[in-house]
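> Sequence:
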Amino acid sequence: MLDADDLRFLEERIAPLPASWAQSIARKYSAGMAAALALPAGTGRQSEAQRQQNLWLSQITARAAQAWIPPGATDADIRELASEKAREFWRLAEVAHDPATLRARMTARCERLGIAPPGETIADMPAIRRMTDEGWWRRKIRRTQGVLIEEIAIALGYVHRRRQTYCSDETVRRRRAQVRRNALMLEAIELENQHGYIATVAELAARSVSNPRIKHAEFMTRTSGFESLGLSMGYLAFFGTLTCPSRFHAVLESGRRNPKHDGSTPRDAQRHLVTSWAKCRAALHRR
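Under the numbering used here, the residues of the sequence shown are numbered 1 to 287, in order.
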């Protein structure tokens, strides 16, 4: 059993996390504390073991504690937060009336929150309208939360081939929930053509490349067509896979921590792959 101080500390640290992760960390922390209390008292080993457990809990929850978007926030929470941010940015217009000045202040605040502001190719007023729009904030917060969840899952050692392959189960759950929300919206909208034919958007989408099965079939057909075209011109089809060096992988295939991992995130890996592919394109261009 944890004492009142340890229990309070645990609850504070795991509060922002998704429920499944919070429960897993709580079990591990409680087991560690129980093992620490089983050590002989008065030798210093017990208090040191307890200190190590608290340090471990602080380290693995540090990223979540620093985030202004709770990783475990529901879609309702995100909608409320987006509405709050849109109102907050509207209030900036009360102290800055010049579009250029107002945009500069909004951009600076977005960057402090880790949100990418509208690009420089967008004029001041359209950019301001975006940063005061609740829908814009919903999309940005969902994306930021998704990145945050994966960073924390990797830090916790959840994402590897022996546990949660490719991405965390939490991200899969969020994606499935998004697909369900989109499906309900498409089923609720009906369209009618000039001949009086009525169909839901969901029915129309099922017959187009929006349908994953049709999209996959079209992709394979195009791939086969390019291969046939290449063979007819005397070329040989080649399939290559670009991967990242060991330093980008937090966990080894065995499930153990990778000592070569340098803290790189999936975004860092994406940038590495983009650079590598640019070099491939340059080499092909020279040939």
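Just so you know, these hints were derived from the structure itself, not from any lab.
Don't take each hint at face value.
[Said to hold, decoys possible] Here are the computed distance ranges between Cβ atoms for each label pair:
(1) L191 <-> M125: 27 to 35 Å
(2) S232 <-> A123: 45 to 53 Å
(3) F226 <-> I122: 34 to 42 Å
(4) T241 <-> E94: 27 to 35 Å
(5) V95 <-> A199: 48 to 56 Å
(6) Q194 <-> R222: 28 to 36 Å
(7) D77 <-> L273: 29 to 37 Å
The beta-carbon is built from N, C-alpha and C at its ideal position, and this holds for glycine as well.
> Among the hints numbered above, which are violated by the structure, and what are their numbers in rising order?
4
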